[in-house]
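The residues making up each chain are set out below.
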Amino acid sequence: MKLRPFLLLLFGLFLLTLKFALDVVMMNVSLGVAGVELFREGLTAGAFVLFSRALHISLPVHAPHSVRRLGILLASAALLLTLLLLLSVISAEGFETKELTLRPKDYATLFVSSLVGLLAGLFAVVNMRLLRDLVLQYRKRYTLRNFRVLVILMLVTAASTLVLRPLESSVVTSILYGLAIAVGVVNAFRLPWIVYLSKREKVLTLVFSFLLFILLTTLNVYLSQSTLFSYGVIYYSSALQKFVALSLLFSNIYFGMAFVSTLFHLPTAEAFDRKRSEMSSIHTLSKLVTQVFDFNELVETVTTMTLQVCEAQSCWLEILPLGDEGGSSGSRVGMPQEQIAGLKNITSQEIDDLHASGLRELRANVLVDRKPLVIDALADDPRMGRQRVASGKIASLVVVPLVSHVGPLGFLYATKSTEYGFTKDDVDVISTFADQATVAIENSRLIKKSIERERLVREMTLAQEMQRKLLPQSLPRHPHIDLDAVSTPAFEVGGDYYDFVELPGNRLGIIVGDVSGKGIPAAFYMSEVKGIFQSLSMQHVSPRDFMIQANTVLSGSIDKHSFVSLIYAILDVGTGRLTLARAGHCPMLYVGEWGTDYVRPDGMGLGLSEGALFADAIEDHAIQLYPGDVCLFYTDGITEAHLNGDEFGYERLLSVARQARGRTASDVKNDVLHSVDTFIDHGAPHDDLTLVVLRWVGPAPRL
Amino acid sequence: MSEFKIAQREKDAVHVLELKGYLDAHTAPALEEAFQTLLKNQRFNIVVNCKDLSYISSAGLGVFMAYIEDVRKNNGDIKLSNMSPKVFNVFDLLGFPLLYEITKEEQDAVKKFHPGK
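Respectively, the protein sequence lines represent chains A and B. Residue numbering for the first sequence follows the numbering used here, starting at 11 and increasing by one per position. Residue numbering for the second sequence follows the numbering used here, starting at 2 and increasing by one per position.
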């Protein structure tokens, strides 16, 4: 206990002791001093003001629950009644009445009077305090004002007795008394707290308010009928007596009203409880939908809440597999099994039995109608199959489809053990949950998808990086040659390939290739081609020999659909003699002093045919380069670059190449790229594109 | 988007596929499916008429490669006809004329299945 209320209590008791001493003196000596009565009343009033103040500041910050308040009041009323009954055992002479004044005949009477006055006063303080809290709950604009008016009227009524002799009555006091009761009735209508009680609490309130009504009436009657007690309180303080009487009366009216009001609220209590729990469940669920991405947790929450809110026997979710969202596949034979999740009070075996007994067919209709399906009496529903579920556990059932904007995602099921167990409200709330579950499932799928996509993007970036490293990191340098090269895949990775190799005998190998197809499969073969080239090129003197060997190696591993086209040239860096073989690849474009043309020796793509047919087809072709001659090796990404059905083609490449003489390899490369880029209107290329430009800047051959 | 269509007909016990439009990685599965159906139905004498084929990519060429082996194992063949110069050039660059009979007219290709006549 804190110090301040304790001090207030102590000081109040001191005042009352003082008053008691005064009373004892007055028993013996008739004090003729004017105003001694007023002094007694002042002491009493001061003491109870202090008591109520002490009570006010010692109360906890968080007010107890309404029903608890009723309990506290009930207990104190019962305590008061018990104490009064105990006090009635004491034999006292009573009061001597003379000229409407009272005078205790013996000390016992004085003692009883003082104790009853104290107890009644304390009870009135507690009573008013608790009533104040009840009345002010869910308060409106005038609630506090009305209550204050009541308390002030009660105090004024009490004060109005001060000018009277104890047993005297006056019109003013009566009018004030009546007014106080009227305002009390107005305040007694303040019962909104009852509405928000749960059903159980309402029942308790009903019992408590009834008991309080009885108890308070008894107290009221007891205090006014027993001469000893009623005179006792009046003798103690006539003002206090009025206050106590009004307080008891107000309390009585209030709990009478509370009883009736609770009685009227009882039938709707269940519905109210339900709505409240629905609201809070939906609130929780919507919060969860936006915050939780754990699919299983969401599913669990959805079914748990469905179970709670509509008091179902069992509940579960069925999620259709991904990619089955088209809607048309509902009745497809051998469609993948849906995933059963969030099972509550049911086993997957029981669910299978239900489906087998005709529910699966009915469920297909739910997807078509996209409306909830309610089976009120499972046992004799004509829509169900003949093999009914034997267990009486499930008597009625609801199936609600989960439908997102892309199509059906699954179903939410709820069952009850009673027939006609689901009301329209139940179905509505299950539908609401189904909608929330739909959003949740969709969210979690989208997130999964985006994570997956991110992973793929990362891997593709990595693959791109790796493939770039498979291409030459630098160009071979020799005073007799001027080289440049470029290769860009249409996607992250591609099937184009070019490479250089320095061969023994002052020779340089230049290879350009194209794997059929695009993207990742092409990229795999491209890296294989690189491996083959790196290992076989050193062993073979002629491009043709290399090609035959490479075809044999590649044919063993390549898919039937795929093939590789290659062009491989070996340049004698000393003499400018170029030998090339073409395996199904785009012809080399040669820009010489006397003309520009394609060089197209025979040969077929690698991986098309093994053995003799390939070897017979392919040939070596040799040309002599002269100073300023330019050779272009490229892939069909250049010639087949297209816009609106129109191809860049061999003719355009030829006309660009005709301008190549006298320009550096780098210039020629840029000319071609620029020309292609302009042709496709700076759009994105459709195919992998590779270009290698070789310019001979060595000596003319000695004739 | 580029379009691709296949028309089919029987002519003198030879199955003729008429290709139209763009044959690339996107449209190749359609031709693939056509070949699969033919093989399943024991049709091994096949002529592919390329009269209206405006473009063929490497993925398109791959489809022919994928089925030629099975067809020839069953004493059949895939012959090609009526190619535009541009399409023929693609076949020719890769050396397809060494692997497939390519005729100017569909008639000639069909006749080659009946050398006696």
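Treat the hints as calculated values from the structure; they're not laboratory data. Treat the numbers as computed from the prediction; the structure is a model and nothing was measured. Don't take each hint at face value.
Claimed, not checked - The calculated lysine-lysine pairs, modelled on DSBU-like cross-linking and capped at a C-alpha distance of 35 Å, are:
#1 B:Lys74 to A:Lys540
#2 A:Lys479 to A:Lys297
#3 B:Lys12 to A:Lys458
#4 B:Lys87 to A:Lys459
#5 A:Lys209 to A:Lys285
#6 B:Lys87 to A:Lys570
#7 B:Lys105 to B:Lys12
#8 B:Lys112 to B:Lys87
#9 A:Lys150 to A:Lys115
#10 A:Lys459 to B:Lys52
#11 A:Lys570 to B:Lys74
#12 B:Lys6 to A:Lys570
#13 A:Lys540 to B:Lys105
#14 B:Lys6 to A:Lys459
#15 B:Lys41 to A:Lys458
#16 A:Lys570 to B:Lys112
#17 A:Lys570 to A:Lys434
#18 A:Lys679 to B:Lys87
#19 B:Lys12 to A:Lys570
#20 A:Lys570 to B:Lys52
Said to hold, decoys possible - To give a feel for the contact side, a few chain B residues facing chain A, derived at Cβ under 8 Å:
#21 Ala31
#22 Ala35
#23 Met66
#24 Leu99
#25 Ile103
Stated by the list, open to error - Computed far set for chain A versus chain B, every beta-carbon distance over 12 Å:
#26 Glu462
#27 Leu485
#28 Leu518
#29 Ala532
#30 Leu616
Note that CB positions come from ideal geometry on N, CA and C, so glycine has one too.
Holds or violated: Lys679 of chain A to Lys87 of chain B, with C-alpha atoms at most 35 Å apart: With a Cα-Cα distance of about 25 Å, the restraint between Lys679 of chain A and Lys87 of chain B holds, given a limit of 35 Å.
Reported absence of Ala532 of chain A from the contact zone with chain B (all CB gaps over 12 Å): violated (9 Å)
Within a Cα-Cα threshold of 35 Å, do Lys479 of chain A and Lys297 of chain A meet the stated pairing? Given pair Lys479 of chain A, Lys297 of chain A is violated - Cα atoms ~49 Å apart, limit 35 Å.
Is Lys87 of chain B close enough to Lys570 of chain A, meaning Cα to Cα at most 35 Å? holds (25 Å)
Hint status (Cβ of Leu99 of chain B to nearest Cβ of chain A, threshold 8 Å): holds (5 Å)
Just to be careful, I want the Cα atoms of Lys74 of chain B and Lys540 of chain A compared with a cutoff of 35 Å; is the pair within it? holds (33 Å)
Can you confirm whether the C-alpha distance between Lys12 of chain B and Lys458 of chain A stays at or below 35 Å? Violated - the C-alpha atoms of Lys458 of chain A and Lys12 of chain B are around 53 Å apart, more than 35 Å.
Minimum Cβ-Cβ distance from Glu462 of chain A to chain B exceeds 12 Å: At roughly 23 Å from the nearest Cβ of chain B, Glu462 of chain A sits farther out than 12 Å, so the non-interface label holds.
In terms of Cβ atoms, is chain B entirely out of 12 Å range of Leu616 of chain A? Since the minimum Cβ distance to chain B is about 10 Å, Leu616 of chain A lies within 12 Å and the statement is violated.
Checking one constraint from the list: CA of Lys6 of chain B to CA of Lys570 of chain A, max 35 Å. Satisfied? holds (23 Å)
Mind checking the alpha carbons of Lys570 of chain A and Lys52 of chain B for me, to see if they're no more than 35 Å apart? holds (26 Å)
Straight-line Cα separation of Lys105 of chain B and Lys12 of chain B no greater than 35 Å? Measuring from Cα to Cα gives roughly 17 Å; hence the hint holds.
Hints 2, 3, 4, 9, 10, 13, 15, 17, 21, 22, 25, 29 and 30 from the list above are not met by this structure, while the remaining hints are.
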